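S.K.: Generate coordinates for the entire structure from the input sequences, incorporating the hints supplied.
Sequences listed follow chains A and B, in order.
Numbering (the working numbering) for the first sequence: 1 to 614.
Numbering (the working numbering) for the second sequence: 1 to 161.
A portion of the hints provided could be inaccurate.
[Unchecked claim] Derived DEER-like restraints, expressed as beta-carbon distance ranges:
| # | chain 1 | residue 1 | chain 2 | residue 2 | range |
| --- | --- | --- | --- | --- | --- |
| 1 | A | S49 | B | A57 | 54 to 62 Å |
| 2 | B | A44 | A | I321 | 49 to 57 Å |
| 3 | A | I321 | B | I23 | 58 to 66 Å |
| 4 | A | K265 | B | I93 | 35 to 43 Å |
| 5 | A | V90 | B | V30 | 28 to 36 Å |
[As the list claims (entries may be wrong)] Below, in silico cross-link-like pairs of lysine to aspartate or glutamate (DMTMM-like), each with a Cα-Cα straight-line distance of 25 Å or less:
| # | chain 1 | residue 1 | chain 2 | residue 2 |
| --- | --- | --- | --- | --- |
| 6 | A | K581 | B | E134 |
| 7 | A | K117 | A | D105 |
| 8 | A | K581 | B | D21 |
| 9 | A | K581 | A | E426 |
| 10 | B | K90 | B | D21 |
| 11 | A | K567 | B | D6 |
| 12 | B | K96 | A | E604 |
| 13 | B | K8 | A | D437 |
Everything labelled a hint here was simulated from the structure, so no lab data went into it.
These numbers were taken from a predicted model, which means no experiment stands behind them.
Built from N, CA and C at the ideal position, the CB exists for glycine as well.
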Amino acid sequence: MDAQNTQEQAAVQAGEPVKHQVHHSYIWLGTLRVVAILFFAAAISVFSSIIGAISEGMRAGSAEAGLVMLVTVGFSIGFLVVLAGIVFLVHWLAYKRLYYVLGPDEFNLYSGIITKKRVHVPYNKVQSVDQKASLLQRIAGVRTLYIDTAGGANNKAVIVPYVTKHDAEWLRSELFARKDAAVRGVVYQEGARPSAAADAARPQAPGTPVPPADEREGHNVLDVGQQAWDELGGVFAGAAYDGGRVSYEYGLSNKELVLAGLSNKTSFAVLLLGIIVALAQLISFVFDVVPGDDANAIASAAADIGGQILQSGMFALAVAIIGFIIVVWIVSVLGSCIGYGGFRARRRESRIEVEYGLLQHTFQGVDIERVQAVVISQSFIRRLFGYCELSLAKVDANSEGDEGKNAQTKRGVVIHPFVKLSKVPEILAGLVPEFGDVPTERHEVAPVALRRALTRRCIVQGVGFWFAVAVAIFQLTMGLWLDDGLVRIHAFGSLVSIDAYELCTSACVVCYILAALVTVVSAIGAVLWARSSSFAFNERFMQVTNGGFSIETVTFPRQKIQYGYTKTNPLQRRAHTATIKARTAAGVGGTTYALIDATQADAESWLAWLEPRV
Amino acid sequence: MRALPDQKLNPKIKNVWRINDAIWIALVFVCLIVPFAIAVGLDAEWAGIVCIVLVIAFVVLLVIFLVILPPIRYARWRYQLSDEYLDIAKGIIWRKRYIIPFIRVQNTDTRQGPILRAFKLASVTVSTAAGSHEIPGLDAESAEALRDRAAELARLAREDV
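M.R.: Dropping the structure here:
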């Protein structure tokens, strides 16, 4: 560390840009990661041959088999060692040629062993800087840095891997400070505390002094683990870096943590699966109790041949499946609790920072200028409790290797996973006071929107309706095809004839009931939507609320609207309504916030509002 | 009712659309009909019916795209260039009305394909951080003017996104 510092100082005096190397754990942690993957692949492929050898040995005599096994295992271990050596060499060479330079106008990342690669990021294009650390990286005290830039779908995040915690935090605040200077057209001064200038220049968040850690809002059991991490820091973490003044900070309370864990998507899906299995079991039980009539010919035939044993076996299986599902559910809830463990959101100067994850740690930082929208979303479950999820939309970049799998980054920055609705204004005022002046004059959707929503959701886009149509067509064709209504099949060694027509009809009736239920649910959704959807705009902000079983309210500054448009179809023109769509650059490649069937007058005044004023 | 933008495209654009659509429809038609024509050559009677259906579809599509649609499309395509924003109205069934502030424009391109060039026209594409808009069929002069105007105002934008 010291040697590096003196080198840097020498370079600064010589007037050259400083080459910052990443941490040497790049070599051995990177190698370890690749080797672990290789090991698993090898273990799986070798496993089958070992099993084969063992079963061979059972027959041919143990001495020979033992030898074969020994050779196989020895050979694969040798192969792995050679591979690990190669991987290590590659990482070592890559490490030597991997460095970054903070130039006067841009950040440069140099990499590549054979093909040299240089990535430029002009400071004023930096959207957000995120950090992530796997468990191993955390123990070592290193982080992987993701620098997001604006640039649409094919723009990838710039990844700086394996930088120490200290360096990561230094680099982050350095990037933001330089960005700040670049945006305001000021020459950035090396070494000057970036916050001092920024503090004076921009309106500050209401300055509440930060209370000591144990008095801060929101605490839970897992925070202890987070504190332990903070204190231990990891082997190579380096000294803590002070990034600037924190004006607002909060965490999750125990209740919020558990509820956030309970309401995550996987656990909900697992719970649903469990309910379905239980329901299926219940139905089959009911069918079992009802004495078999003609339609249940197969069931009674099955009952003849030891059906009783089969039934009890099925029951045991169902119980086992339900038990398994409960275990998976508990694990997934615990997992997401740990994932949210150590959650902290804070406002540091002009940046919003969020960190979470007890084992795998994620740190997201975004400048207030780059926040595209504030999203308050109430899923159905959260709505039942009167809670909501708060997140900030920002311009996201695809980072290599985690397309799709990382939904968290695609959703922007979650600043609170589970918060009581009444606490939202307080949090927003603390974290993003710039979004304080939200419009209040709501323009509801047109009264005719209810009728249109009902036809749209129940018929035109109605799953239930089209399902019923499909079933009706099926029933008609079956009716034509099965003329005598009897189908003879060979079952259980004897000829059984079933009244297929009746069976088909009863199945169709079940389908119709299902379709009707779905349609009723859609209708309720449509009514709820028409009642709670609206949009609003004032001097600086626009707000779009789309309701239904879940409600999402999005607030975004006028400045962030790239363009807006209205869209009408002939029916809307007759009903004097229009769909309004505002497009921002949030997400990957942009996001459209839309409201269907605003009144024509509202849509027109909105279009007039969109025109830039001098 | 908000007044429609006052500028129309250059009337020659109708012919550009006609040629463009004719080429595409003919290409698809040829690709579809060749296998069936070969089948007819190999004495498959049903293929003859398919060929006739395809030819009818071809003619109908040509009539729709060359005779009926271009004038309507042309009449519905309006734009207006104010000092601060671009106002576009287009669409026949689904009518859209765009307001694109120039300070959000990231870059503007003019493009001239072979067909456009033959008619001495150019299309201008105006790109924002979240999507782009094309104004097809302007005469070269107003295309240049539009591009310059957009580029000038885009420079005044305080920040990119």
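S.K.: Run every hint past the structure and note whether it holds.
M.R.: Consistency of the hints with the structure:
The supplied range of 54 to 62 Å is met by S49(A) and A57(B), whose beta-carbon atoms lie about 60 Å from each other. Distance hint check: the CB atoms of A44(B) and I321(A) are about 55 Å apart, consistent with the given range 49 to 57 Å. For I321(A) and I23(B), the Cβ-Cβ distance of about 60 Å falls inside the hinted range of 58 to 66 Å, so the restraint holds. Restraint check, K265(A) to I93(B): a C-beta distance of roughly 38 Å satisfies the suggested window 35 to 43 Å.
The hinted window of 28 to 36 Å between V90(A) and V30(B) is violated, with their beta carbons roughly 52 Å apart. Distance restraint check for K581(A) and E134(B): the Cα-Cα separation of roughly 18 Å lies within the 25 Å cut-off, and the hinted pair is therefore satisfied. Straight-line distance between C-alpha atoms of K117(A) and D105(A) comes to about 19 Å, which keeps the hinted pair within the 25 Å bound. Note on K581(A) and D21(B): the hinted pairing is violated, with a Cα-Cα distance of about 30 Å set against a maximum of 25 Å.
Between K581(A) and E426(A) the CA atoms are separated by roughly 29 Å; this puts the pair beyond 25 Å, and the hint is violated. The hinted pair formed by K90(B) and D21(B) meets the criterion: a straight-line CA distance of about 18 Å does not exceed 25 Å. For the hint pairing K567(A) with D6(B), the CA-to-CA distance comes to about 19 Å; that is within 25 Å, so the pair holds. Proposed proximity of K96(B) and E604(A) is supported: the alpha carbons are some 12 Å apart, at most 25 Å.
For a cut-off of 25 Å, the pair hint linking K8(B) to D437(A) is broken: about 40 Å separates their Cα positions.
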